[in-house]
Amino acid sequence: MALLELQGIAKHFGAIEALKGVDLSVEEGQVIGLMGDNGAGKSTLVRIIAGNFRPSDGEIRIQGQVKHFHKPVDARSEGIEVVYQDLALCDNLTAAANVFLGRELKRRIGPIKVLDYAAMYDRVGQIFNELKSETRPRDLVKQMSGGQRQAVAIARTRLSDARIVLMDEPTAAISVRQVAEVLELIRRLRDKGISVMLISHRMPDVFAVCDRVVVMRRGLKVADKAVDQTSPEEITGLITGAIHTA
Amino acid sequence: MSTVPTRPLQSSVAIDDITGLKERSLGQRLSSSQPFWVTIALIIMCAIMTWDQPDAFASADNFYNITRNFAFIGIMAVGMTAVILTGGIDLSVGSVMGFVGVICGLVLQAGHHWATAIAAALLAGAAAGAVNGVLIAYVGLPAFVVTLGMLSVARSLAIVLSENRMIYDFGPWGDTFNAIGGGAVLGIANPVWALIVLALVFGFIFNCTAWGKYLYAIGGNENAARVTGVPVRRIKLEAYIVSGLTAALASVLIVGWQGSAINALGQGYELRVIASTVIGGADLMGGQGGAYGAFIGAALIEVIRNSLLMAGVDSNWQGAFVGLFIVLAVLLQRIRGKRSA
Chain A
1 MALLELQGIA KHFGAIEALK GVDLSVEEGQ VIGLMGDNGA GKSTLVRIIA GNFRPSDGEI
61 RIQGQVKHFH KPVDARSEGI EVVYQDLALC DNLTAAANVF LGRELKRRIG PIKVLDYAAM
121 YDRVGQIFNE LKSETRPRDL VKQMSGGQRQ AVAIARTRLS DARIVLMDEP TAAISVRQVA
181 EVLELIRRLR DKGISVMLIS HRMPDVFAVC DRVVVMRRGL KVADKAVDQT SPEEITGLIT
241 GAIHTA
Chain B
1001 MSTVPTRPLQ SSVAIDDITG LKERSLGQRL SSSQPFWVTI ALIIMCAIMT WDQPDAFASA
1061 DNFYNITRNF AFIGIMAVGM TAVILTGGID LSVGSVMGFV GVICGLVLQA GHHWATAIAA
1121 ALLAGAAAGA VNGVLIAYVG LPAFVVTLGM LSVARSLAIV LSENRMIYDF GPWGDTFNAI
1181 GGGAVLGIAN PVWALIVLAL VFGFIFNCTA WGKYLYAIGG NENAARVTGV PVRRIKLEAY
1241 IVSGLTAALA SVLIVGWQGS AINALGQGYE LRVIASTVIG GADLMGGQGG AYGAFIGAAL
1301 IEVIRNSLLM AGVDSNWQGA FVGLFIVLAV LLQRIRGKRS A
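Top to bottom, those sequences are chains A and B. Just so we're aligned: 137 in the working numbering is position 137 of the first sequence, and the numbers increase by one with no gaps anywhere. Just add 1000 to the spot in the second sequence (first one is 1) and you have the working numbering.
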């Protein structure tokens, strides 16, 4: 049974049809590349899975069970975590504070609840270790490189038992070395049995880490292929519409 | 086909060595903290004045006066810090102080208990803060405009309620009320004790509670705070209520000290309060600042004023010197910011 199944997902914004009925399934531990030109409906699809939008039509199933996400917290409680394109980080806070933002660890001293810094630094240190990232829990995010900032955003998804991580353009604005770091982080998530949906414009990244690539065009899914059965040329053709479907 | 290396990145040091490192040593942290440098400036200024005017400046009387004078501003600056941390501003604190003072005076004049007067004062301050907070956090209006409106409304209410008269007949409980604001314990004025306790409590809240951390997060990146599940609107509302409450507390103490309530009380104080927080290292863009900074910033402004008076400088120059220090403080912050980035 697929971990996540979308069936006939459609979304209208007034007269605009952003999605026209998309079927998609994600298996455990799979890395799926979601590609498409601007306006193809990738971001809308991700936002529906993340609980930011409600679909106009269609069903979302997690392990066969139909789910309705009214807000992001609902999706998060089903093990769906999102790494936002802008990473949603506070530059003035430490890495640990950012990772735990909104779900801080607290300790009771009499009647008052106090932040448990020691436990948070510890846990975040462990997560960075697992991710093999050279990021220090006590560093301020504003002093970090693009790759380290990604690590902080990805570390957030490791706090809970995430089963699916959606990543929106994680390699769009960082250096070559940092791209390699981020791809390595994605592989580590996969090795832990976590499914990753990677939204990207960068062909090399998708072919380096993904098992499957899904192409969207004008609100429709036009291809869904294993990476070893396709080529960057074919995918490019599918994205631009030079190749109709595959 | 793939242009990206797939082997893990090698590094000559173990990751534990790096992740275990402290971010900065104590010395580095101090030297990059604005309140630390303001404290040094304050000590130097006091040292010079003590050397220049040992009898007038370094006397117990003068110490008592200086600390009491900045306590009122300092108390409001601590509450203002909560608002400024979220990236907001509260221009209404001076007017709220006047409004609350008149309410205090009227309640006492009617013969009510001093505790009733204080409760009414805190309630009025919290209500003014809540109106600001709802309009800013839930309706989404800019903080500058909303609190500018409240500056006008609260002052007007103070004048209307007081019928433009000074209230000095405080009824049977007036003496106790005046003793709270005007008295002293162990040679230190009560408002100063109130400021010390408040600064300690809020220093703890800002650093050690989730509520405090959320203020910094909202000021750092409000959108990030929202998507990670921080109750942004509620926290912002509460910050403005805190600012209203500290203005009310300062008002209760200053009315007790003066023994009368006038509707012009606190006029222009908002600028001195904001100046204190900024000199103490608060960033008006949000996300930067602290309770000790508010305390030390208020202290520095008062010592500058006092020193100029003692040095025989025409008191009309005070504004120029205070203004100079505000700009210097922000300049210092900018230089340090560049170095640490």
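Take these hints with a grain of salt, some might be off.
As the list claims (entries may be wrong) - Pairs of lysine to aspartate or glutamate residues, derived as DMTMM-like cross-links and limited to a Cα-Cα distance of at most 20 angstroms, are as follows: (1) A:Lys192 - A:Glu59; (2) A:Lys225 - B:Glu1238; (3) A:Lys71 - B:Asp1283; (4) A:Lys142 - B:Glu1238; (5) A:Lys113 - B:Glu1222.
To be verified - Pair ranges (Cβ atoms, derived): (6) B:Pro1142 - A:Ala2: 44 to 52 angstroms; (7) B:Phe1063 - A:Lys113: 32 to 40 angstroms; (8) B:Gly1268 - A:His12: 15 to 23 angstroms; (9) A:Gly64 - B:Pro1231: 49 to 57 angstroms; (10) A:Ile112 - B:Ala1119: 22 to 30 angstroms; (11) B:Gly1268 - A:His70: 29 to 37 angstroms.
Unchecked claim - According to the in silico footprint, chain B covers these stretches of chain A (three or more CB under 8 angstroms from chain B): (12) 85–96; (13) 104–116.
Since the hints were derived computationally from the structure, they do not count as laboratory data. From a predicted model like this one, the values you see are computed outputs, not experimental measurements. Just so you know, even glycine gets a beta-carbon here, dropped at the ideal spot from N, CA and C.
Taking the hints in turn, this is what the structure says about them:
Between lysine 192 (chain A) and glutamate 59 (chain A), the direct Cα distance comes to roughly 27 angstroms. Violation of the 20 angstroms bound is thereby established for this hinted pair. For the proposed pair lysine 225 (chain A) and glutamate 1238 (chain B), the alpha carbon gap of about 52 angstroms is over 20 angstroms, so the pair is violated. Annotation: proposed proximity of lysine 71 (chain A) to aspartate 1283 (chain B) is violated, straight-line Cα distance about 33 angstroms (limit 20 angstroms). Taken as a hint, the lysine 142 (chain A) and glutamate 1238 (chain B) pair is broken in the structure, with Cα atoms around 27 angstroms apart against an allowance of 20 angstroms.
About 24 angstroms separates the Cα atoms of lysine 113 (chain A) and glutamate 1222 (chain B), which puts this hinted pair outside 20 angstroms; it is violated. The hinted window of 44 to 52 angstroms between proline 1142 (chain B) and alanine 2 (chain A) holds, with their beta carbons roughly 48 angstroms apart. Against the hinted window of 32 to 40 angstroms, the Cβ-Cβ separation of phenylalanine 1063 (chain B) and lysine 113 (chain A) comes to about 38 angstroms, which satisfies the hint. Between glycine 1268 (chain B) and histidine 12 (chain A) the Cβ separation comes to about 55 angstroms, which falls outside the hinted range of 15 to 23 angstroms.
Our hint of 49 to 57 angstroms for glycine 64 (chain A) and proline 1231 (chain B) is violated, since their Cβ atoms are close to 34 angstroms apart. A hinted range of 22 to 30 angstroms for the beta carbons of isoleucine 112 (chain A) and alanine 1119 (chain B) is consistent with their spacing of about 24 angstroms. At about 49 angstroms, the CB distance of glycine 1268 (chain B) to histidine 70 (chain A) disagrees with the hint of 29 to 37 angstroms. Note: the region 85–96 of chain A has 9 residues with beta-carbon separation from chain B under 8 angstroms; the three-residue rule is met and the coverage holds.
With 6 residues bearing a CB less than 8 angstroms from a CB of chain B, the region 104–116 of chain A meets the requirement of three and the coverage assertion stands.
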